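Visitor: Listed below, chain by chain, are the residues.
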Amino acid sequence: MRRIRVGFTCLLVLAAAAACTSMGAEPWERDVLAKEQMQLVTDPVEAAIDDHIYFSKEASSGGRGFGGGGCGCN
Amino acid sequence: MDFFRARRTASGHVVLAFCALLLHAGAAAEDGAQSLDLSAYRGKVVVVDFWASWCAPCRRSFPWLDSMHRKYGEDGLVVIGINEDNAAEDAEAFLKAFPVSFAIVADRDGELAREFDLLAMPSSYVFGRDGELAARHLGFKTTKQDAYEAVLRRLLEPAMAASKNEY
Amino acid sequence: MSAKNTGNIAQGLAAATCSLLGTAATLPVLAQEQPEWEFDTALLYYGEDGGRVQDLSLNLLARRLFADDRILSVGLAVDSLTGATPSGAVPQDELQTFTRPSGESTYQVAAGEMPLDDTFLDTRYALTASWRQPLGRDYAGTAGLSFSTEYDYTHVGANFALSRDFNKRNTTVSLGLALARDELDPEGGAPLPLGFMSDVRDLSERGGTENKDVVDLLLGVTQAVNENLLVQLNYSLSDGTGYLNDPYKILSVVDPLSGDAILRTPAPGAAGPLHQYRFESRPDKRTKHSLFGQGKYFMGGKVLDMSYRYMTDDWGIDSHTLETKLNLPLGDTSYIEPHLRFYTQSEADFYRASLVDGEPLPQFASADYRLGSFDAITAGLKYGWRTSSGKDFAVRLEYYRQDGEIPTHQLIGSHDQSSLYPDLDAVILNFSFGFGM
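Protein chains in written order, with my numbering: chain A, 1 to 74; chain B, 1 to 167; chain C, 1 to 437.
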């Protein structure tokens, strides 16, 4: 059973890798992807502020990357 | 063994692509009502540089390419910048900020980029006087400028030496 | 071929023709480099209603761009917090007296009011620094440090990340590690878990400073799906050990039938609480897993940003966060960006609105509303513009609301759902200014 699960996981990873290689934009077609608005984090300061607010007010934090840390709780 | 064959084929493709470029450049020049003297490429060291206004390292490569073009132009170096912008205005704005003295060819449909099968932006292909692909650079690193220049000097050398002999 | 060689391109061609023919072209002025320093600054006002927390925060992020994509980032944040925060105690039909965290005096909460600890006043300084650089053609590495300090809390952390590009840079796989050590030095000493709130100047239920260690691990894949769509998927594991309590949170000890707080009498001549309260007790270990997915989609100038996060931990908390932003350009130099965020979490296994008198004392208990079950919504709008000299301004106004629910079996006697859970309404106002030098 465990072997099947491992095999299945490997297959899934391979399928994902294969899917990744068939996706994408050619290097000369990345004008849109190079735009500022298309970056995953467009405003790092705003992202840090929001992370800190929600870290202080909710039981979940992070996920996107690493936050600054510290408390400033309550 | 296979590796070498694969490499040979790849460079064969690039040479074909280079030929396509020459024809293409002629066509582009006709469109633009400016003529490029293709015969001038014969026996020259040619750098084909693919760039775009949105490509950040191109901001570094352009001033350098321009300085190379000015420094070695007389020794037989030709630089051709192939622009991959979708809009001509973007390319023009870039050229205003980073003016260059070498030839710019627009490749709006990415036809040439596809022919050369670019792996990165910028990408430059250096052809020797014999028309063979001598070097390919992916991206642009200012720390490697001297190495890039050394390649050009090596390819230019015979004629540089010859021109010195004349004096 | 649709080459349009107009303007500068035509000039470029003309110049090229000249040089090919051996005629010297006129020398153009040397191009200026990109700015070396980039600064992002923000002034934030965060304000909760009902006299709760107010935060005025000043943020600065400076980035120095070195040759060949090497970047030094230095961040500084100063927060000035004031206001009151729910202590965890249950509202009562009579006046309640609490000993301040310092143990030096008492404060009172009127009958029917949500008990808030109003001694909350703090200034927090946070500093971050990181260095990022390519490692060869396909790899990039980041190393960073973080430090923050407030009067009762110090954080020191280090983080490392390594990423590798695949598939003509359409795929990036990253691996990150962050280590943190936090030290808590609460006023009057950290209270003993489930210790009683005692009289003024009675520190028998207090300890000293405490530590907390957190290790975060992150595995992420970023994929360009096509020319207009970028997606990211992250898995992260966070492992915290040590003192994970909030030293200022308490629970009321209540009568099993009436729900009223059990009375106590301060020692002769001493001031102190007239009801029984115990400090909270959380496990000294917490493991969180989260899955985070984000997509950015370009639609003819507009950019849609959607993200979703699922978090689960061994305290029994599950949460879902769905967030969306839509960047709408207004002409070439400005934009508006509506923002919506939905959040929901289930309560921790040991969350309880109060402790019941006569029942065996649980090992872990907390009435901290942030460990309870609640939904939250954020709705906001941002307007940004760029000046002709390349400076970026933005103003953002958001509204944040939390709506909590206490499990009905925890409502005892007079307890009433609406007055027991401290719902929250807050405003976020944020000005930002970015420039290069």
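Possibly wrong hints are sitting among the right ones.
Simulated crosslink set (BS3-like; lysine-lysine; CA at most 25 Å straight-line) [as the list claims (entries may be wrong)]:
#1 C:K325 <-> C:K391
#2 B:K141 <-> B:K96
#3 B:K71 <-> B:K144
#4 B:K44 <-> B:K144
#5 C:K285 <-> C:K325
#6 C:K302 <-> C:K212
#7 A:K35 <-> B:K96
#8 B:K96 <-> B:K71
#9 A:K35 <-> C:K302
#10 A:K35 <-> C:K325
#11 B:K71 <-> B:K44
#12 C:K302 <-> C:K391
#13 B:K71 <-> B:K141
#14 B:K71 <-> A:K35
#15 A:K35 <-> C:K285
#16 C:K325 <-> C:K212
#17 C:K302 <-> C:K285
#18 C:K391 <-> A:K35
#19 B:K144 <-> C:K285
#20 C:K168 <-> B:K141
#21 C:K212 <-> A:K35
#22 B:K96 <-> C:K391
These are computed hints drawn from the structure, not numbers from a lab.
None of the values given here were measured: they were computed from a predicted structure.
Visitor: Take the hints in turn and mark each one as holding or not.
Guide: Quick rundown of the hints versus the structure:
1. C:K325 <-> C:K391: holds, 22 Å
2. B:K141 <-> B:K96: Distance of about 22 Å is within 25 Å: holds.
3. B:K71 <-> B:K144: Cα-Cα ~18 Å, so holds.
4. B:K44 <-> B:K144: holds, 23 Å
5. C:K285 <-> C:K325: violated, 35 Å
6. C:K302 <-> C:K212: violated, 44 Å
7. A:K35 <-> B:K96: Cα-Cα ~20 Å, so holds.
8. B:K96 <-> B:K71: It holds: about 21 Å lies between the C-alpha atoms, which stays within 25 Å.
9. A:K35 <-> C:K302: holds, 12 Å
10. A:K35 <-> C:K325: Roughly 16 Å separates the two Cα atoms, so the pair holds.
11. B:K71 <-> B:K44: holds, 14 Å
12. C:K302 <-> C:K391: Answer holds: C:K302 to C:K391 is near 21 Å, not above 25 Å.
13. B:K71 <-> B:K141: The hint holds at about 19 Å.
14. B:K71 <-> A:K35: violated, 34 Å
15. A:K35 <-> C:K285: Violated. A:K35 to C:K285 sits at ~42 Å, over the 25 Å cutoff.
16. C:K325 <-> C:K212: violated, 35 Å
17. C:K302 <-> C:K285: This hinted pair is violated, its Cα atoms lying about 44 Å apart.
18. C:K391 <-> A:K35: Status holds; Cα separation ~17 Å.
19. B:K144 <-> C:K285: violated, 50 Å
20. C:K168 <-> B:K141: holds, 18 Å
21. C:K212 <-> A:K35: Given that 25 Å is the threshold and the Cα spacing comes to 40 Å, the pair is violated.
22. B:K96 <-> C:K391: Within the cut-off at roughly 20 Å; holds.
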